[in-house]
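Residue strings, one per chain:
Protein chains: 2
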Amino acid sequence: MLSDIEISRQAQLQPIETIAQEFGIIPAELTLFGSTKAKINLSIKQRLKDNRDGKLVIVTAVTPTPFGEGKTVTTIGLTQGLQAIGKQACACIRQPSMGPVFGIKGGAAGGGLAQVVPMEALNLHLTGDIHAVTSAHNLAAAALDARLYHETRLGAEEFTQASQLPALDIDPNKIMWRRVVDQNERSLRQITLAQGASNGPIHDGGFDITAASELMAILALSRDLQDMRARIGQIVLALSKSGEFITAEQLGVAGAMTVIMSEAIEPTLMQTLTGAPCLIHAGPFANIAHGNSSIIADDIALKLADIVVTEGGFGSDMGFEKFCNIKARQSGKAPDAAVIVVTVKALKANAELADGEARDEMSKLQAGFVNLAWHMRNVAQYGVPVVVAINRFESDSFEELAWLKAEVLELGAFGCEVSEAFTQGSQGATQLAQTVVHATEAGGEFKYLYELEASIEAKLMTIAEIGYGASGVNLSPLACAQLQTLKQKGFEHLPLCVAKTPLSISHDPKVKGAPSGFELPITELKLNAGAGFITALVGKVMTMPGLGVRPGYLNVDINEHGEIVGLA
Amino acid sequence: MLSDIEISRQAQLQPIETIAQEFGIIPAELTLFGSTKAKINLSIKQRLKDNRDGKLVIVTAVTPTPFGEGKTVTTIGLTQGLQAIGKQACACIRQPSMGPVFGIKGGAAGGGLAQVVPMEALNLHLTGDIHAVTSAHNLAAAALDARLYHETRLGAEEFTQASQLPALDIDPNKIMWRRVVDQNERSLRQITLAQGASNGPIHDGGFDITAASELMAILALSRDLQDMRARIGQIVLALSKSGEFITAEQLGVAGAMTVIMSEAIEPTLMQTLTGAPCLIHAGPFANIAHGNSSIIADDIALKLADIVVTEGGFGSDMGFEKFCNIKARQSGKAPDAAVIVVTVKALKANAELADGEARDEMSKLQAGFVNLAWHMRNVAQYGVPVVVAINRFESDSFEELAWLKAEVLELGAFGCEVSEAFTQGSQGATQLAQTVVHATEAGGEFKYLYELEASIEAKLMTIAEIGYGASGVNLSPLACAQLQTLKQKGFEHLPLCVAKTPLSISHDPKVKGAPSGFELPITELKLNAGAGFITALVGKVMTMPGLGVRPGYLNVDINEHGEIVGLA
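Protein chains in written order, with full-length UniProt numbering: chain U, 1 to 568; chain A, 1 to 568.
The shape of chain U in the complex, shown without the other chains:
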């Protein structure tokens, strides 16, 4: 089989205007970025406001393993399959981050015969949204540190005289707004700033990956440009020495940040290998961020398509949970069905082998099934019909596939289908598509995991116990102090965005299967007032990845024809 980028390059793409037109987007609503990408003007929302919404399907997965479960392959494959059975389908996915693109695997456009194309356009700059988030985020950081510098240098009175601005009296040890870069940058996790003779009070800081920026969540959750402007103004950047919140509005930087983001608010239209429309908007990293694609993209797609397929990052404990408890709450649009992607390989990797016993392949699969069972129950408790998609690999035996399907149906799934979208494209996903259509028609009674009115502690407890199977939570002294501040300032009724490892349902990446009986350690609580949630950092989670010993960038180059090679 050809490599992903070879398949992408050999594909016969349609002009993106044609894709748009067939999808019901008029030329005046398109801003072309070459012939394969276009941004969609938000005026479309007004034009389509009376259309009926299509069905919304969210693709999630079992707990991820290093093999890759193929969630994006399945998302794109399902969209292509739906199209093949005569549905107007659209995929809504997140823009890949260059961190993983050059750090690990080389791309995030799906793969094989289920891809968004051209994959290099998706995987690199796309239409610049992540760059815009990085720039706007870092402008606020620069503005804050410059204000600290000038106020310190001049004193409050002289500063106000020189600038005609009130002194903010920023506490250099209480700056909450870090910087961001779309890169795997271990050595920027924790840095000391403003060294040197006269660069300002020396203080600590660091960089997160851009996808984890509150601005990325604001991009994903905003309804329109004015909503985004208001949210950006509400971002809390730091504490003053007297303990007051300092917002982007007070710093006078919220307008400029919005201006930098004013093109990014438009989703980007691309196409799958079969010419199905795909909207790309907002960023990944559902482990450390909210990490779902945007409400704006979903809203537009739902007005135009019969079925919209979106994905939540990692397992159902991560992106799916946040989709339901954060995004759906703000959008008012619950999923009509969920697809859980599983592979035989992943379940075997989830088998507990602690007893040292050498098991045969089928025993490993059977032992690892607890992980899928857990994710099925987790999704089902939101009242969403569950379809399990087995992303088939060559190494899977018929016996294994048959056993797995029978177990899944036995456990009460709405359906279970083998997907061969990677090797067969649309035709490998038509059965899955049929079953998903039936699931959306069956419907369910959606419910949130917790109510907003509950206390922060109660919400944390619910997510830990019902969301992850923990026996309780354990707050660090720092988290306790932050909890008190959040209560005092009146931010108790926000939903929670948990940042934890995606490699286990628990906080310990080594614990596979369906862990229980553990205490969830909450190390920090961070207010995201503009995005409208509180981030709870769990265990040793880090908001900035690092590069490994053999990073993905080693494979990437141009060839003698100037073509890109090594993205996959």
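It should be emphasised that the hints constitute simulated quantities derived from the structure, not laboratory data. Any given hint could turn out to be false.
Since the list can't tell identical chains apart, any single copy or any two copies may satisfy a pair.
What the hints assert, rightly or not - Listed next, the in silico SDA-like pairs over lysine to any residue satisfying Cα-Cα at most 20 Å (straight line):
{"no.": "1", "residue 1": "Lys174", "residue 2": "Gln250"}
{"no.": "2", "residue 1": "Lys241", "residue 2": "Leu486"}
{"no.": "3", "residue 1": "Lys45", "residue 2": "Glu560"}
{"no.": "4", "residue 1": "Lys174", "residue 2": "Thr192"}
{"no.": "5", "residue 1": "Lys487", "residue 2": "Glu407"}
{"no.": "6", "residue 1": "Lys174", "residue 2": "Glu244"}
Given chain U, put chain A in place with the hints provided.
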């Protein structure tokens, strides 16, 4: 008069395809970015290779003052004026940096009736080139620090075993590759990296503004993608503990950096208010960087236009000098004429008032004239015909303008014209345009300031004495040591790129007029092996600006219609 952004917004723009077509670019060579921007495919160079080159005019200026001399206004105004007298004219300018856009003045698209439009598109992300340079640059920094981390953590042998890569043995105290951000970021000038428990050996580092990246110079000086790939491979990132250069090629990151830059290599086409073509490519900051627009853009424009107007940043001691001694040497294309932009205000500000004498306005103008005279002589010594353009302000008296013009002609300029492009647009620059056409026809005998074969010391001496009027140079101990390394490694025959204050011809920003008798203090010599020059840092120059007490971002916002306000 309306504000710049109001004028820009009210302009009747032509579709960029029309601008391209009228200029001789065929549709297959265009990648549209909306209706007002397009990238030009480099295949055009092959198609046009037998066309005769047009004339090349470089716009420079007297020593800048806080009032602004209007160099971009004159560059765009002249292009519009040339078009008005029937010439096929094209402007080649640099992409504005968001640092100054949000730091100081709010934009760099010209102004009044001489603008590149839409100005907000030019001033913000444009087509993403600066973002691409930032990303590619920082990938190399992340890759280098990750390699340092893993080699330190594992030891050379175990590292090689795990990675199948040779150990580079990077000296954490000899890292030459800083990071970049397109922002005015004082507190990132000097930082301590990799703090925390296990993020790698703690070491010093810092950020420059993106325009000062060697990658930006490579973008400006490359002939094509393969040339860029080769240059990126040659970038020296650090020294090993045994004193060997470590290149981007050795780190295995040069291919990925090129891939990130593979769209940026295409110049962007926009239009002036009158529909004249304008190519935008590479970055500003001719004080701390090479800071000229790209050879690729000039090459394309020269094949299509009768006259190409480009600009070198700041006074003729800065961008113009680098244009001649670095860019023209690599491109083989010398300027056919130079325009020196001057304002009555700027010359008055250059008057030496040290004697405390209260002078009348005319005396101040006369006293400050030495600065213009110096720049005229400086340009003339390159054998380039000089036209002085007086950018007229309302406050200038007829008497002042008449005196200034007479003096300029007396001093041997090819011509001197008053430009009213800001208030009158094309019609305010037709006389200037006529005179510039005559100057390019008169021609000159171009010569470099120094030959490459000279030693680094000799080249520094020539630039200092003949280029700036200094009496000599003074190398710091660090610069002396670096000089020895450059000699040992065989990099002596590169041109020099001086980083110094643009606010004086000397290294001291307070010294106005035409200073002489000073020693030029060289603090550092930095190899840019990929770009092909050695940067010489002079005095207290900084490669990262800071935000002032009342930064430009305070004015920028969206209004109730979602339109951008406050860029000017």
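Inset, instruction - Check each numbered hint from earlier against the structure, then list the numbers of those it violates in ascending order. - result: The structure conflicts with hint 5 only, although it agrees with all the remaining ones.
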